[in-house]
Amino acid sequence: MQAQLILDELKKNGVTHAVGLPDNSSAKLFDLLASDPGIRLISVTREGEAFAIAAGLWIGGGAPVVLIQNTGFLESGDAFRGTITRMGVPLVCLITYRGYRKLAEDPAARVLSPSNLTRAPLDSAALVTEPTLKAWGLPYDFLHAAEDVPRISEAFRKCAECGHAHAVLITPDLI
Amino acid sequence: MLSKDELLGPLAMHRGDAVVVTCMGVTRPWGKYATGTLDFASADSAMGHTADLALGIALACPWRKVICLNGDGSMLMSLGTLVTVAQTGAANYVLFIIQNDTYEITGNQPLPGAGNLDFAGMARGAGVKRVYSFDDANSYAVQLPLVLAADGPVVVVAKVAPGCEGPISRSEREPSEYLKVSLAEWGRRMRRALCGGL
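Chains as they are written, first to last, in numbering that gives the first Met the number 0: chain A, 0 to 174; chain B, 0 to 197.
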C-alpha cells in the first residue's frame with residue numbers, strides 16, 4: 000500500500016506533528032514525513048515518549064498523530080495510560096501490526112494459550128495486540144488496503160466526537 | 000546544595016509568562032508559587048514522562064518559554080528523552096533535573112547509582128549544547144536570568160537537599176490550586192489558555 004495515501008490523509012485532517020519510531024512496515028511513511036514541510040516529524044527513542052510528547056503537543060494547541068509498531072505500543076503502557084487516556088487527548092494512533100498475516104491465516108491462533116504464545120511461527124506481539132487494545136480501552140479499526148485509507152479520517156471524526164483516542168491498525172507493509 | 004525554596008523562589012521571580020510543568024517532589028512546593036493555568040502538575044500522570052510532556056508543549060508553542068521541573072528519578076526512567084530534546088532543538092525549552100539522589104515521594108530510598116550520577120554529562124552526551132549545574136543558591140540566583148534567556152534547549156542540573164514530600168493526589172484536599180482538579184480538566188484549561196479556546 001502506498002505510504003503517500005496515508006500522508007495525504009493526515010494532511011487532509013490538519014495534522015501538525017507525527018511523533019513516533021519507524022519499523023520495517025512504516026519506514027516509507029517516515030521517509031515521506033521526514034522530507035515533507037507540512038507535518039513535523041518528531042523521532043523518539045522509545046514509544047512511551049511518543050504518547051507523552053503527543054499529549055503535550057495537544058495541550059499546546061497542536062494536532063499530533065502517533066506512529067508506532069504494535070511492539071512499541073505494548074512497551075508504552077503507563078505512558079499511554081497516564082497521558083493520552085488520563086488527560087482525555089483525542090489522539091489518532093497509527094499502529095503497524097507486526098505478525099498480523101500469520102494470525103489472520105490461523106484463527107485458532109488467536110487464543111491466548113501458553114502453547115500459542117510460545118509457538119515459533121506465530122508472533123506473540125500480534126497475539127496480544129488486540130487484547131491489549133481492548134484492555135486499555137483504545138478502540139480501533141483496520142487499514143488493510145488503499146480503499147481503507149478513509150478510515151483514518153473516520154478515526155479523526157470519532158476522536159473529535161468522543162474526546163478520546165482511536166487507533167488505526169495498519170496491516171500491510173507501506174511502499 | 001539548594002533548598003527547594005532557594006530553587007523555586009528565584010524561578011518564580013524570573014519565569015515571566017513561561018509555562019511551568021512540575022512533577023514529584025516539587026509539585027506541592029511549586030504550588031506556593033504557581034500563578035494560574037500556565038502551571039501544570041504532571042501528577043496522577045505517566046511515570047517518568049514529565050519531560051516529554053513539557054517538550055510537546057514547547058514544540059506546539061515555540062513562541063513561549065516552557066520550563067520543566069523534573070526529578071532525577073523521573074529522568075532516569077526516560078534518559079532517551081535527553082536525546083529527543085537535543086534533536087528537536089526546541090529553543091524555548093528549559094529542562095531542570097532536580098537532583099537529590101533519592102526517590103523522595105516513596106521515602107527517600109537512594110536512586111540506582113546515587114552519588115555517581117552525572118546528569119550534566121548525560122545531557123551533553125545526548126547532544127544538548129547548553130547545560131548548567133548549580134549546587135549553590137547564590138550563584139544560581141545570580142545566573143538564573145541568563146540561563147532562562149539562553150537559546151535552548153537548555154538543561155539545568157540543580158543539586159537539592161532531599162525533602163519529605165509524600166504521595167501526591169489530585170483532590171480538593173490538596174493545597175495547590177493546580178492539584179484540585181483532574182489532569183484532564185487542567186489539561187483542557189491550559190490548552191484554552193495557550194491557544195484561545197481551541
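Hints are computed from structural coordinates only; laboratory data are not their basis. Errors might be hidden in some of the hints.
Among chain A residues calculated to face chain B with C-beta under 10 Å, some are [unchecked claim]:
no., residue
1, N23
2, G37
3, I38
4, I41
5, A54
6, G60
7, L73
8, D77
Now the in silico label distances, taken between C-beta atoms and shown as ranges [to be verified]:
no., chain 1, residue 1, chain 2, residue 2, range
9, B, G8, A, P113, 53 to 59 Å
10, B, G88, A, I174, 54 to 60 Å
11, B, G120, A, P113, 42 to 48 Å
12, A, A26, B, T34, 44 to 50 Å
13, B, C163, A, I174, 54 to 60 Å
Over the 10 Å line for every Cβ pair with chain B, so calculated as not near, a few chain A residues [what the hints assert, rightly or not]:
no., residue
14, P21
15, R85
16, P120
17, D172
Where a beta carbon is used, it is the ideal one built from N, C-alpha and C, also for glycine.
Legend entry - Non-conforming hints, listed in increasing numerical order: 1, 2, 3, 7, 10 and 15
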